[in-house]
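Visitor: Each protein sequence line maps, in turn, to chains A and B.
Residues 1 to 482 (the working numbering) are what the first sequence spells out, left to right.
Residues 1001 to 1098 (the working numbering) are what the second sequence spells out, left to right.
Treat each hint with caution, since some may be false.
Unchecked claim - Derived DSSO-like pairs (lysine-lysine); straight-line CA-CA distance at most 27 Å:
1) 1042(B) with 1010(B)
2) 376(A) with 1096(B)
3) 376(A) with 391(A)
4) 273(A) with 410(A)
5) 340(A) with 1010(B)
6) 333(A) with 1096(B)
7) 256(A) with 391(A)
8) 1072(B) with 1010(B)
9) 376(A) with 250(A)
10) 37(A) with 273(A)
11) 1096(B) with 340(A)
12) 256(A) with 382(A)
13) 1096(B) with 382(A)
14) 410(A) with 391(A)
15) 333(A) with 1010(B)
16) 1016(B) with 1096(B)
17) 1042(B) with 340(A)
18) 273(A) with 376(A)
19) 273(A) with 340(A)
20) 333(A) with 1016(B)
Hints are computed from structural coordinates only; laboratory data are not their basis.
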Amino acid sequence: MDIREASTISDAVRSGQVTAREVAAAALQRIEALDAKLGAFLTVEPERVLARADEIDRTIRERDYPLAGVPVAVKDNICTRNLRTTCGSRILRNYLPPYNATAVERLELAGAIIIGKANCDEFAMGSSTENSAFHVARNPYDPERVSGGSSGGSAVAVAAGMATLALGSETGGSVRQPASFCNVLGLKPTYGRISRYGLVAFASSLDCVALIGNNPRDIALLLGVLAGRDARDSTSSPVPVPDYAAELNKPVRGLKLGIPREFFGEGLDPEVKLAIEAAIGNAHSLGCELIDVSLPNTRYAIADYYIIAPAEASSNLARYDGVRYGERVSAPKDLSDMYKRTRSDGFGAEVKRRIMIGTYALSSGYYEAYYGRAMKVRTLIKRDYDRAFEKVDALISPVSPTAAFRIGEKISDPLSMYLSDIYTVTANLAGIPALSLPCGFTSAALPVGLQVLANQFQEAVLLRFAEAYAQSFPLASPPLQV
Amino acid sequence: MSISRDEVLKIADLAKLHFSEEELDAFTVQFQRILDYIEQLKEADVEEVEPTSHVSLTADFERHIFREDEVKPSLPVEESLANAPDAGSGHFRVPKVI
């Protein structure tokens, strides 16, 4: 059976046309057939999945499950009770969380099935999933290319039909970029829209739980399940959650779309540019009004991000000390030796690099010049967006300057990898929601994503635009290369 | 700003990380390149600009971030210790400190 649409599966399971067990079995079969080649998952426990499906089938008549029997892949930096959660790191290779993340708890209450834990860059640090301590997650449109990152496994799982929906996380574009590389939708919600209780902390002023799916309706459904205040996360927002599904079919004629000129400059691949320009033309033909806007402080975005995120990471990752959880080296000489060797063995190169940058930026004498200044530049970036949203309802741009790059192409040059985040990081710095929407392919049949950004808590505008766009301009996707 | 190998060693010590001699050389070069790039932040005019730490705080946040200090159930000791590399008698066990 085709498991590409969550709403179809949920309706079919609720009406008794299929059982949750049949859906789960289909997803597991697909994983069994494809994942040895793609590497989207780090942990899949078939017996546990089927037992969970049976539980849904048993309770289906008593409960109102909006995601009845829907298979969801969960990024491996989101805690799942008694299900291995590694963060893609050797240091947590045997970690069994004693609790569920709030997002996972809400998924289960909604009748979803956690099909497996999705591969990712170690502690979500990376743009290619090559930083996973276990294996790379390959792009289903060209397995010699990256899936993107850090939520690469989540994007591949949905793109290759091994899961219907996926949870990822975003700190600087970690869902939108892999979604654009793999021809699926990726939504980074407003900072605080979804509880982060149980999302393993990377950079606390930026981290968000983020969503992946095959169509705008499914993203709306999933967001409705996950969004809302949670007493266990003090940064989760009390702003009321709208009925996203009801917002989907509102008209887009007259919607004012800003085109930020800084997102179309040097470095943008000509084929990606062509696909985005065609998509902008499509938006115009839907009756949207196109308006030129400027976000001048975008030029500081990467530098700003690569101070703030590593600084917060260096602090958050201090907890991996070999005492309460995670690995510990054998026969340490003393406490300091235990800390140093445990962390040096347990962390990969990119994580160490960011801890070092962050420690430097926060060290005595440098704090004001780096982190202090970066927080002020962040205000400037946020103000650019505030000004733009006085004039427009949403902004459209590319997600990434290139389509999926080759495995190994950028891994030895960290700065070039960082620069590929240029169009995504500002949404994280400004805390605004942003969506990656499939909009075309390069001549080598690699997917290209269109980015749509809206003001804080205006996810509904993004979903409304995406629904109108997807309905009017359905994509003929090339076959998967698996 | 240029960074020396000795400074990198000092930061590694603060971060409780250890690098081999070889790693240290490669790392110092990469570190320098990243710092050179980050330097451009100094060009931004941030005079009289307030820093942003919580980017989506609503005006009435104080109503929501405080709660009554009530005792609620928390993780049992055994579950809290279950992932520890070394534990005993209801405690985490670490190498001798004093």
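Visitor: If a hint holds in the structure, say so; if it does not, say that too.
Guide: Now the hints, each set against the structure:
A C-alpha spacing of about 24 Å is found between residue 1042(B) and residue 1010(B), which places the hinted pair at or below 27 Å, so the restraint holds. Only pairs whose Cα atoms come within 27 Å are accepted, and residue 376(A) paired with residue 1096(B) is rejected, the gap being roughly 44 Å. Proximity of residue 376(A) to residue 391(A) is assessed by CA-CA distance (about 24 Å); at most 27 Å being required, the pair is judged to hold. At roughly 21 Å between alpha-carbon atoms, residue 273(A) and residue 410(A) fall within 27 Å of each other, so this suggested pair holds.
Using a Cα cut-off of 27 Å, the hinted pair residue 340(A) and residue 1010(B) holds, with the two alpha carbons roughly 13 Å apart. About 9 Å separates the Cα atoms of residue 333(A) and residue 1096(B), which keeps this hinted pair within 27 Å; it holds. At most 27 Å may separate the alpha-carbon atoms for a hinted pair to count; residue 256(A) and residue 391(A) meet this at roughly 8 Å. A distance of roughly 43 Å separates the Cα atoms of residue 1072(B) and residue 1010(B); the hinted pair therefore is violated under the 27 Å criterion.
The straight-line distance between the Cα atoms of residue 376(A) and residue 250(A) is roughly 38 Å, outside the 27 Å bound, and the hint therefore fails. Note on residue 37(A) and residue 273(A): the hinted pairing is violated, with a Cα-Cα distance of about 31 Å set against a maximum of 27 Å. Between residue 1096(B) and residue 340(A), the direct Cα distance comes to roughly 16 Å. Compliance with the 27 Å bound is thereby established for this hinted pair. Note on residue 256(A) and residue 382(A): the hinted pairing holds, with a Cα-Cα distance of about 20 Å set against a maximum of 27 Å.
With a CA separation close to 49 Å, the supplied pair residue 1096(B) and residue 382(A) exceeds the 27 Å bound. Distance check on the hinted pair: residue 410(A) and residue 391(A) sit about 38 Å apart at the alpha-carbon level, beyond 27 Å; violated. Using a Cα cut-off of 27 Å, the hinted pair residue 333(A) and residue 1010(B) holds, with the two alpha carbons roughly 21 Å apart. In summary, the hint linking residue 1016(B) to residue 1096(B) is supported, as the alpha carbons are separated by about 18 Å, within the 27 Å threshold.
A hinted pair counts as satisfied when its Cα atoms are at most 27 Å apart, and residue 1042(B) with residue 340(A) does not qualify at roughly 33 Å. With a C-alpha separation of about 32 Å, the suggested pairing of residue 273(A) with residue 376(A) is violated against the 27 Å cut-off. Restraint check for residue 273(A) and residue 340(A): the C-alpha separation of about 46 Å exceeds 27 Å, so the hint is violated. Pair hint residue 333(A) plus residue 1016(B) holds up; C-alpha atoms about 15 Å apart against a cutoff of 27 Å.
In the structure shown, a violation is registered for the earlier hints numbered 2, 8, 9, 10, 13, 14, 17, 18 and 19, in ascending order.
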